[in-house]
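In case you want the letters, here they are:
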Amino acid sequence: MARPEGELPAAGQGTDLSGFDEMHHAGACRAPYAMIRDWLEDLPPDLLRRKHEEAELLFRRVGVTFAVYAEGGNPERTIPFDIIPRVLDADEWMFLERGLRQRVRALNAFLVDIYQGREILRAGRIPEALILMNAGFRPEMQDFMPVHGAYTHIAGIDIVRLGPREFCVLEDNCRVPSGASYMLENREATMRLFPGLLGRHRVASVSHYPEDLLDTLRSVAPPHCPGEPTVALLTPGAFNSAYYEHSFLADEMGVEIVEGADLFIEDNIVFMRTTEGPRRIDVLYRRVDDDFLDPLTFRPDSTLGVPGLFGAYRAGNVALANAVGAGIADDKSVYPYVPEMIRFYLGEAPLLANVPTFDCGRAEDLAYVLAHLDALVVKEARGSGGYGMLIGPQASRAERDVFAARLRACPGDYIAQPTLALSTCPTYVESGIAPRHVDLRPFVLVGKEIRIVPGGLTRVALREGSLVVNSSQGGGTKDTWVLDA
Amino acid sequence: MLSRTADSLFWLARYIERAENVARILTVGHRMASLAYSLGDAGNEWHSTLRAAGCEDGFFGKYEIVEAEAVIAYMVFDADNPSSVFSCLETARRNARAVRTALTVDMWEALNQTWMRLRDLDPAAIIAHGLIDFLDWVKERSLLFNGAYANTMLRNDAFFFTRLGTFLERADSTARLLDVKYHVLLPRDEEVGGALDYYQWQAILRSVSALRSYHWIYHDRLQPWLIAELLLLRPEMPRSLRACMEQIARHLDLLADAYGGKRGECHRLSGEMYARLRFGRIEDIFQSGLHEFLVAFLDQTARLGGEISRLYLM
Amino acid sequence: MRLRVRHETSYHYDAPVMAMSQLLRLAPRSHDGQRVLSWQVRAVPGRPLPFFIDGFGNIVHCHAINHPHRAVTILVAGEVETAAMDGVVRGTAEPLPPPFFLRETKLTAAGPAIVDFARGIGGDASALTVLHALMRAVGERVAYRPGTTDAATAAAEALTRGAGVCQDHAHIFIAAARARGIPARYVGGYLWTGMAPEHDQASHAWAEAFVPDLGWVGFDPSNGVCPTEAYIRTSVGLDYLAAAPARGIRRGDAAETLAVTVAVTPGDQ
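Residue numbers (our numbering), protein chains in the order written: chain A, 450 to 934; chain B, 4 to 317; chain C, 81 to 349.
Be aware that a few hints might be false.
What the hints assert, rightly or not - Taking CB as the label site, the calculated pair distances span:
(1) V124(C) with E67(B): 54 to 60 Å
(2) E268(B) with R127(C): 29 to 35 Å
(3) E797(A) with Q120(C): 20 to 26 Å
(4) E67(B) with D850(A): 58 to 64 Å
(5) G676(A) with E174(C): 36 to 42 Å
(6) P192(C) with E797(A): 46 to 52 Å
These are calculated hints, taken from the structure and not from any lab test.
For clarity, every value in this text was computed on a predicted model and none was experimentally measured.
All C-beta atoms in this analysis are idealised placements derived from N, C-alpha and C, irrespective of residue type, glycine included.
Kindly produce the complete structure, drawing on both the sequences and the hints.
Right, here's the structure in full:
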């Protein structure tokens, strides 16, 4: 079997980690940022500082919070919002959107296949054991076909930019990606802080995201569901780190936000307890992980789920979004094969590049990784949140040694990638305005059709030189503008 | 709406109301204790304060002697006391957070700002020189929240459940307060009570912000049976048992209307309780025993809460 | 032969239970050597229960009671025509490919003790010979002694204790087979023991292993035989947890009294 080839554009490699500057390139201001430049130049000197403080207050007051478990501090802190928008022009977005649609179609085709006939394994395009032995592959889902073949109804695809025309997918999030509420709140904040700024520019709207989401969820209702489908959002509860987002989205969609204890199953049908008696639910936008959905099928100790939910699901009486078992598609050890999925299922050449990835479970890859730890980023194959991560060029000798030991102990748990110089955007910092590294998470909605609101969530590493944009690691967010053509 | 949402709104309103009532009772207790100090009966006042707030059992599980510091610590800050001002506000906010989408922005902000301020407060500093200011602040925050929901919530089931929480807690609190002090309201031989009696009567009225209302209604000096009538039977008095029960019965009716006429035991019971207050006479209540009346009322209030919960909140 | 099954499970509680929910894998499917003539899984009193087919191809009945109750009774009854197949399992749905059954689970984690145990068995002989030897070795090493283990006991622990029930035998067999690179899985079902009816050993568990050229083959380490026409297969899975005949949860603080009667008897010819 051929190893997945590296598809990295040359621009990102090497030891220079300063990254592509999205505003200033080749000594000039790039066109999409022209009005941002004018605006910044015209601003009275202390206005930015005041607006920055105002933004902080705004987010705290509205209660946009994100809890970070690993930190002992305030469980309800806000994610810093950077007041300077990030801008993409219409061409850039069009290219991204095409690539995203293609990628997410392939990911869903893969999920349908992997839980049915597994043609891609038979064809030898992905090693069989990589899938079958992977905890992300859920035997419970075998032979189950979700409506419209949609497994990942809401996909968050993390994109990094390496050059003027070079975009790469860093990772796919096919299970329960979060962040859409920040995308919406960020736009709201820009409108409140700088009324008029958006009006002067032709920026594509993102505010229809909740409507699109609701349409998408309704479109995957079980075929024999009576009348207009009833949608509800299932949350682990108010103490979940993303609870703010759950309540925000439920509110914007006008659906109930329910916890496991609000639901019960009777005759394999899901009901919620209401003040008027039981009410049937047809579609659950669940923000609870697979493991916790149903103690009778998954973790027996889960109290977040609904006993018997999975039976109702398999019996076709309720739709779950995202589908159970979608995690096999965003597993980091499966990631290198996504371009292969695009070729296999769609017969197309991948539009968005992958980052070349070393699978430390392979002996020759492990040897290479250990020999080049100072140049690579090492990640857990099944982690998220940026904790179990080593950024070789920025790590100390001791940190690298610690990771080398972990790699030798459990090589299969890790992958490695070249350190990418993420692009930078002007960002408000203590000393004024300075470039900081960013990525982008657009949200792809998959139901009867695929929809993507223009832009997504831009995450920014606020520390100078930092390449880690995760909010749990001191990252912030920015409003993301896509300019109309 | 979700039963859990209704339940949270109901308890959110109850706990805000309870925080306010505990603050009121403490304010008056503090005042009475300082007056009583000169009469050598401060300990007794603090004891009454504990009883009025329903904190007596919990307190004696932790302390042996009733002293100002211990009572204040227990009723204001103690996380182990579910009715301490801190616990009430914390519980209220937790309920609010669980049903964020059912709240209006104004309700949420009123609660959230209260909570954020609360986290930054230093108990030692409050006890040292700001207890009364702090209790006033709690009252203000409760009034703000009540105003926010009265003025911004849609008049639908969510509002009705919130209302039920407020008035059920208020009825309970007024009845409890009266029961703790019922002995000073009983008719006795002397024409005029002593100074301490007078202060006690004043204190009861102050606890429910009714001192001025009393004068408006009765144009008379304080008479214990009139005070009892005011707090039990007068419809004009917003914290009287009658006024609370009227609101409860009314909002249960509104819920039944909203839900296609479905009624339960809570409707019957609230109707019965309201009728008794509406048509009752204070002479008869004294005749058959004020204390007995209040104990029965408190018992019915608890049952009513259970019945509301059974019909709607589970 | 024709086998009739009547399996009644009653739960009684000393205080009302608010709600309960369970999944039952107690219904056989037809395949070579096993033809289901009639079968029902129902609550008493109550209608036949709704069901779904799980990822392993098992029929799973769903039972839920959402109001306070003090007793529950489940009745499983039916008739199956079986034939001797020397343990070979054919004509099953097989939604998952054999290599999947190499996956380790908590209950079947090999660990050094089992790897060691597995290594010593059968030498370089063919898979089939190794599996037969393994079946005998598990029966010899681990005595049948109810009460020493429970539903959560993992294979390695049962092996160390040297005692257990059919579930433990199956888990050890599975873990050892997988350690030898042979796909293996857990099977739940009924067994006609020839003994007096209403013997609780009529509810049984054993294992299946994948042998090239033969396909899936059953092994019953508890009895040291490959399943005969006395066996009825009702569920398969990676381990007990996945193939559990009953998996339930209830809300309410009550002590439970469980009464089970299982009768497997030869039916009318």
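For each hint, the structure was consulted:
Taking 54 to 60 Å as the suggested C-beta distance range, the pair V124(C) and E67(B) conforms, at roughly 58 Å. Between E268(B) and R127(C) the beta carbons are some 31 Å apart, a value that agrees with the proposed interval 29 to 35 Å. For E797(A) paired with Q120(C), a C-beta distance near 51 Å fails the hint of 20 to 26 Å. The supplied range of 58 to 64 Å is met by E67(B) and D850(A), whose beta-carbon atoms lie about 59 Å from each other.
About 39 Å separates the C-beta atoms of G676(A) and E174(C), a value consistent with the hinted range of 36 to 42 Å. Our hint of 46 to 52 Å for P192(C) and E797(A) holds, since their Cβ atoms are close to 49 Å apart.
In this structure, the one hint that does not hold is number 3.
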